[in-house]
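J.: Sequence:
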Amino acid sequence: MTLHVTNTLTGETEPFEPQDPEHVLLYYCGLTVSDPPHLGHARSWVHVDVMHRWLEFIGYDVRHVENFTDVNEKIVARVGEDDLGEDEADVAETYIGRTLADMRSLNLLRAEVYPRVSEHVPEIIDLVETLVEKGYAYESNGSVYFDVTSFEDYGTLSNQDIDEIESQGDPDERSEKRHPADFALWKADGVDADAVAEHRHEGVDHGGDPPAGQTWDSPWGEGRPGWHIECSAMSMTHLDETLDIHVGGRDLVFPHHENEIAQSEAATGERFANYWLHCELFQMADEKMSSSLGNFVTVDEAVDRWGTNVLRTFLTAGSYNSTQLYSDETITEAEERWDQLERAHEAAAEAVDSPDARTKIEDEQLRRAVSTARDEFRAAMNDDFNTREAQSALLSIASAANRHLEADEPAVGDSESESESEKADEDKGYDYRGLCQAVDALEELGSILGLSFAGDTTGSAALAGEVVDLVLDVRERERDSGNYERADDLRDELEALGIEVQDTDEGPTHRLPSGEKE
RNA sequence: GCCAAGGUGGCAGAGUCCGGCCGAACGCAGCGGCCUGCAGAGCCGCCCACCGCCGGUUCAAAUCCGGCCCUUGGCUCCA
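In this text, residue positions in the first sequence follow the UniProt record's numbering: the first is 1, and each later residue adds one.
I should point out that these hints are in silico values taken from the structure, not numbers from a laboratory. Treat each hint with caution, since some may be false.
To be verified - Listed next, with one range per pair, are the computed distances between beta-carbon atoms:
| hint | residue 1 | residue 2 | range |
| --- | --- | --- | --- |
| 1 | 392 | 268 | 35 to 45 Å |
| 2 | 477 | 375 | 41 to 51 Å |
| 3 | 161 | 443 | 47 to 57 Å |
| 4 | 21 | 283 | 36 to 46 Å |
| 5 | 512 | 109 | 18 to 28 Å |
| 6 | 11 | 339 | 37 to 47 Å |
| 7 | 180 | 11 | 21 to 31 Å |
| 8 | 353 | 396 | 20 to 30 Å |
| 9 | 15 | 460 | 46 to 56 Å |
| 10 | 135 | 375 | 51 to 61 Å |
| 11 | 82 | 163 | 44 to 54 Å |
Beta carbons: idealized from backbone N, C-alpha and C, even for Gly.
Work out the full structure, taking the sequences as your base and the hints as a guide.
T.: As structure tokens, this is what we get:
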């Protein structure tokens, strides 16, 4: 079974075949760095990250490029706010730093390059010149527009009819365009002050008139790159004229991706991307999540609140290409799933390390379950990165391991006699081979979803763990002497701190609050 | 208006491409039991679905075909 992906270009699920059998060229349309990233961005990032990890897991060398749009009127609009900086570049820099930190906190694999528009203006100008020379673009009043009527396939990605498309871009440029659907490749002069004003936050003192934003010299005079040309220029610079996979949010299909295809293919005569994958968006329980409504949760808030593992479990709880409901309930459910995985992993790992671990009871079932789950995981991921199914496979390993640990009396068949099971009871032990396989599978497959079972065993977390153990020792003594009230108080107090206490046959165990920082 | 996606149990969410193993996965919630000083966790079992509506094809449809109703998103910056 090979990897199949749903290609927006065809609307079909197709077998994935990169141009080079060993390498995959992956481009992801990154952020405009004018605001802190929110959970919606995180959802796409995580899914792209899972794609990246899975492609590597099945043997490809992935060349992953993700841009930062650091030239944009929305960024100019932030100039003067708080301590974001004194000009467009400063603001962009601030947000790029913040974005990279957010990405790290989500345990994302790094892209190979994070190119920025401001560093690729010469390439952009070259590309625009080529388009003008080939007759796909025209200069008008110092700006350059792409002539959509000159590109036969315009509209295929988004299934649009050119005549149905309403004007792109701001009203001022309409008069300069031959066709309403034509879009800007290069814009004369600085940013439009009105556009900047429109994106400014209300009630914030920006200190005077909006700055013009950076401009560059070009064959058509001073100006700035248009809104779509950057991705074409940067992906060609860092990858190739033809990409294997181009990913982005569903909301970018039109006009952004449509325009990317037109300008790229017109310029090179080559197919721009073989597979277009689109990440679906969040749906809020009552309304949509959007910047304008201000109802989004920023990535750093979410990581603080839920922790990386819970968040990633949540974000991969649906397919990348289906919308996902965001609500307290759905995220709590994800937390529940993660807890289950983590507890099972911990129990299995502990059992493996314990002195009781030895081949004693039949673990054929466990081993079969692990192996089946691995197959299911692989099949799920190969089926258009079905992360929800993949989670199911993980959970089935967890419950198989739990079942095995539970059966520390050889209750595996139904035919034992009483005396046999009594005898075994005194002699109980775990078969560690199956458990080892379960632990390995959880770690290995979990890591493909970016989940990490490696608890924080360093620094303050380790110390905290020791302190909790100390408290639990005290509590055990209270319990031994029948002083349950006092013991329960201790448990309640630990619980109030987010520390989960469980009494087991082997003594009490605890879990520190997962992922919460500090 | 145009384009797209989708309507599956109390919730959430796979399965729909390649019709039968789907009387429908996994999880949450609920119920009963085991275990436990209690709780939690875990385990076992149960409960809950005529798969939006109508019609068609077929030995067989959640899955294919036709019609209808409804929801969401995009068409302006947007992951």
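J.: Range first: 51 to 61 Å. Now tell me if the beta carbons of residue 135 and residue 375 are that far apart.
T.: Check passed, 54 Å falls within 51 to 61 Å.
J.: Does 41 to 51 Å hold as the CB distance between residue 477 and residue 375, or does it fail?
T.: The hint (41 to 51 Å, Cβ to Cβ) holds, given that residue 477 and residue 375 are roughly 48 Å apart.
J.: Measuring from beta carbon to beta carbon, are residue 21 and residue 283 in 36 to 46 Å?
T.: holds (38 Å)
J.: Holds or violated: 46 to 56 Å for the Cβ distance of residue 15 and residue 460?
T.: holds (49 Å)
J.: Can you let me know if the beta-carbon spacing of residue 353 and residue 396 is within 20 to 30 Å?
T.: holds (23 Å)
J.: Against the range 35 to 45 Å, how does the distance between the Cβ atoms of residue 392 and residue 268 compare: consistent or not?
T.: At roughly 43 Å between Cβ atoms, residue 268 and residue 392 fall inside 35 to 45 Å, so the hint holds.
J.: Does the Cβ pair residue 82, residue 163 satisfy 44 to 54 Å?
T.: Hint holds: Cβ distance 46 Å, inside 44 to 54 Å.
J.: Using the C-beta atoms of residue 512 and residue 109, is the stated range 18 to 28 Å upheld?
T.: holds (26 Å)
J.: With respect to the beta-carbon atoms only, verify the hint that residue 11 and residue 339 lie 37 to 47 Å apart.
T.: holds (38 Å)
J.: Holds or violated: 21 to 31 Å for the Cβ distance of residue 180 and residue 11?
T.: For residue 11 against residue 180, whose Cβ atoms are near 26 Å apart, the range 21 to 31 Å holds.
J.: Within 47 to 57 Å: is that where the Cβ-Cβ distance between residue 161 and residue 443 falls?
T.: holds (51 Å)
Going down the numbered hints, you'll see the structure goes against none, and every one checks out.
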